[in-house]
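Using the sequences provided together with the hints, build the complete structure.
Residue numbers (our numbering), protein chains in the order written: chain Y, 102 to 459; chain P, 42 to 399.
Calculated from the structure, these hints are not laboratory results.
Note that CB positions come from ideal geometry on N, CA and C, so glycine has one too.
Any given hint might turn out to be false.
To be verified - If you want the footprint, here are the derived chain P segments under chain Y, 3+ residues with CB under 8 Å:
(1) 193-200
(2) 239-248
What the hints assert, rightly or not - On the chain P side, residues computed to face chain Y include the following (Cβ under 8 Å):
(3) F175
(4) T178
(5) A187
(6) F189
(7) V190
(8) H207
(9) Y216
(10) T220
(11) M280
(12) W325
(13) Q326
(14) E327
(15) I330
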Amino acid sequence: MSQTNIGDDEVDIVIGALHADLTSFLNEWRPLFSRFHLIIVKDPDLKEELKIPEGFNLHVYTKSDIDRVVGLSSTAINFSGYSCRYFGYLVSRKKYIFSVDDDCIPAKDNKGLSVDAVDQHITNLATPATPFFFNTLYDPFCKGADFVRGYPFSLRSGVTCALSCGLWLNLADHDAPTQALKPGHRNSRYVDAVLTVPAGALMPVSGVNIAFNRELAGPALFPGLRLAAEGKLRWETVEDIWCGLCVKVICDHLGHGVKTGLPYVWRNDRGNAIESLKKEWEGVKLMEEVVPFFQSVRLSQAAVTTEDCMLEIVALVKERLAALDPVFARAAQAMADWIKLWKAVGSGSGSGSSPSNG
Amino acid sequence: MAGTPATPLLKDELDIVIPTIRNLDFLEMWRPFFQQYHLIIVQDGDPSKTIRVPDGFDYELYNRNDINRILGPKASCISFKDSACRCFGYMVSKKKYIYTIDDDCFVAKDPSGKDINALEQHIKNLLTPSTPFFFNTLYDPYRDGADFVRGYPFSLREGVPTAVSHGLWLNIPDYDAPTQLVKPRERNTRYVDAVMTIPKGTLFPMCGMNLGFNRELIGPAMYFGLMGDGQPIGRYDDMWAGWCTKLICDHMGLGIKTGLPYIWHSKASNPFVNLKKEYKGIYWQEELIPFFQSVILPKECTTVQKCYIELSKQVRAKLGKIDEYFIKLADAMVTWIEAWDELNPSGASAEVRNGPAK
Chain Y
102 MSQTNIGDDE VDIVIGALHA DLTSFLNEWR PLFSRFHLII VKDPDLKEEL
152 KIPEGFNLHV YTKSDIDRVV GLSSTAINFS GYSCRYFGYL VSRKKYIFSV
202 DDDCIPAKDN KGLSVDAVDQ HITNLATPAT PFFFNTLYDP FCKGADFVRG
252 YPFSLRSGVT CALSCGLWLN LADHDAPTQA LKPGHRNSRY VDAVLTVPAG
302 ALMPVSGVNI AFNRELAGPA LFPGLRLAAE GKLRWETVED IWCGLCVKVI
352 CDHLGHGVKT GLPYVWRNDR GNAIESLKKE WEGVKLMEEV VPFFQSVRLS
402 QAAVTTEDCM LEIVALVKER LAALDPVFAR AAQAMADWIK LWKAVGSGSG
452 SGSSPSNG
Chain P
42 MAGTPATPLL KDELDIVIPT IRNLDFLEMW RPFFQQYHLI IVQDGDPSKT
92 IRVPDGFDYE LYNRNDINRI LGPKASCISF KDSACRCFGY MVSKKKYIYT
142 IDDDCFVAKD PSGKDINALE QHIKNLLTPS TPFFFNTLYD PYRDGADFVR
192 GYPFSLREGV PTAVSHGLWL NIPDYDAPTQ LVKPRERNTR YVDAVMTIPK
242 GTLFPMCGMN LGFNRELIGP AMYFGLMGDG QPIGRYDDMW AGWCTKLICD
292 HMGLGIKTGL PYIWHSKASN PFVNLKKEYK GIYWQEELIP FFQSVILPKE
342 CTTVQKCYIE LSKQVRAKLG KIDEYFIKLA DAMVTWIEAW DELNPSGASA
392 EVRNGPAK
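Below, the structure is given as structure tokens:
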């Protein structure tokens, strides 16, 4: 496997607009976004008109587009709030997607230089991942690094990277109890590394700053696990965590990689953790069931595409989780509906993938 | 929040083990950080040579004659003319923790220009829990300024005891001979400000240049194998110990961390000499990695020693076919445990801890 060349015309930048006025957000990102096509999906709950500055190559989707495309095909899928971005993933026709929350701006690295998050994500997706053996110098394809002594040569070509998970300076993506206990805590540590999350290891994927190969990961990134009291702050959601676990389990099965680390974005202070905490502990409680469930998922040899894998996970969710909480039964239904929707509307640039051998 | 408590020195609980064939002038640079600790010097090569240790250090020194005298026939398990002999130091130590360092490793500077107290960082790593069951995307959550991310189950936040702290190197990176030949001028200049737990089930290449461990928890697994004089292989001592140790840690519910601290590695060994030592290892590791990935230790193995003896049986049975060397190695593994138990008769065995089922 060698490095892939990813052209600008193969990338869509998908923004879920939870705020109507995107002027300052888009102006901050302008130097990095201007050469790409943007898909902006307006939260269907947002009443005001979107304010978008000039000079971008973009497409805006609103509630009426969502209703038209999805129609009555699913009662389980809800695109409101943070989930609106998934509509953008569905209608994109590009091979790669970068998505960032609309309360984030470009960060600066530890030398004070502006971080080109899009470029870093593209590099992460274009270079192989190495999930089968841990490299202690992190990403071996980075300039100035390599595989260390003791790294098997047969594993050095790596596998395709399906998902690139970035991080956040300032307001880190902690849950509400953690942030509420340490209200002044801000993440100021810039860790200059990208690494592959090893096969078999699961992690909480934050939707705040991610990029992915749409063909490989698209069918597994969807509005699934919706909390009863889900709100418009990340503290009040776990939908991205659920998708991320699906993606990782599927990548492990199909032999694709997931990277984490650079790039950082700067996440603006927003919301009040204590208020979110008062609302609902639901997300925190659900994780206690969700994580052991995904750790126990075993997919069959017959599942050779992301869609196949998703359908097997749906069956397992129905069998093992649905009885525990209605939110899981709805998630299973949403997953099944999403795969139908993806096959009908979404698989533009090719469907699924065959497993690659690591 | 209260100020950060100072890291305990552990000066009566930690030994520093240094293998050497030359004078230990490098200790002058480490004096501010090492002087309070007891050193165990394992002198390899010609026992009639006198090793000069700078004044003011408290140490015991063992040469080959001492090793032969103390172990008798069991001395056959300790390598000669290879830094693998360092594990003799682990065996004779009476302390709870070990830090081992090579004699061409010096104090590094962090990005602010401050000298890095590597030993202090290793102690921090060893005294805080590891998190092998779920990957935290902000790395070690117990570090100052870090925490668990949203989605990390609260039931997993207590972590498990840390058995090993694997440090890294600036300047000369730990590359194998082929990589050294292709990139003779590459230097590791990237300071990655992170410590992280290597997930359960994931193997890694453990480098013995800058390594700390809890001898009570994992000491018997830190056998550095048969290398050097009379052996077909070299430069795989720490690799072997690392694979065995990781396997046993995973079984026993213990954690291994990697990342900080950095030391400054000053000497690049000759790549042609290295190639001669390593080349069998380069082929053999292609079989060794799948072997280690497939080893299952039975539930009855409730101590590190029992795990290690069981592992030696599987090495004999499954690797003996690759080369007779592995039969000798399996014998040496048993001899090592016998010698360890003789020299450490009341050694505490760590209980098996069970993590969530995978």
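Quick rundown of the hints versus the structure:
Taking a C-beta to C-beta cut-off of 8 Å, the region 193-200 of chain P contributes 5 residues in contact with chain Y, enough for the three needed, and the coverage statement holds. Only when three residues or more bring their CB closer than 8 Å to a CB of chain Y does the claim for the region 239-248 of chain P stand; here the count is 10, and the claim holds. Below 8 Å, beta-carbon pairs count as interface contacts, and F175(P) has one with chain Y at about 6 Å; its hint therefore holds. Annotation: interface hint on T178(P) holds; nearest CB of chain Y at approximately 5 Å, less than 8 Å.
Contact between A187(P) and chain Y, as hinted, is supported at the beta carbon level, the nearest pair being about 7 Å apart and thus within 8 Å. Because the beta carbon of F189(P) sits about 6 Å from the nearest beta carbon in chain Y, less than 8 Å, this interface hint is met. Given the 8 Å rule on beta carbons, the hint for V190(P) holds: about 5 Å separates it from the nearest Cβ of chain Y. About 7 Å separates the beta-carbon of H207(P) from the nearest beta-carbon of chain Y, less than 8 Å, and the hint is met.
Against a cut-off of 8 Å between C-beta atoms, the interface hint on Y216(P) holds, since the closest Cβ of chain Y lies about 6 Å away. For the restraint placing T220(P) at the interface with chain Y, the shortest Cβ-Cβ distance is roughly 5 Å, inside the 8 Å limit, so the hint holds. Annotation: interface hint on M280(P) holds; nearest CB of chain Y at approximately 4 Å, less than 8 Å. Annotation: interface hint on W325(P) violated; nearest CB of chain Y at approximately 10 Å, more than 8 Å.
Hint status for Q326(P) relative to chain Y: holds, with the closest Cβ pair at about 5 Å, below 8 Å. Checking E327(P) against chain Y: minimum C-beta separation of about 6 Å stays under 8 Å; hint holds. At its closest, the beta carbon of I330(P) sits 5 Å from a beta carbon of chain Y; the interface hint therefore holds under the 8 Å criterion.
The structure fails to meet hint 12 from the earlier list, while all remaining hints are met.
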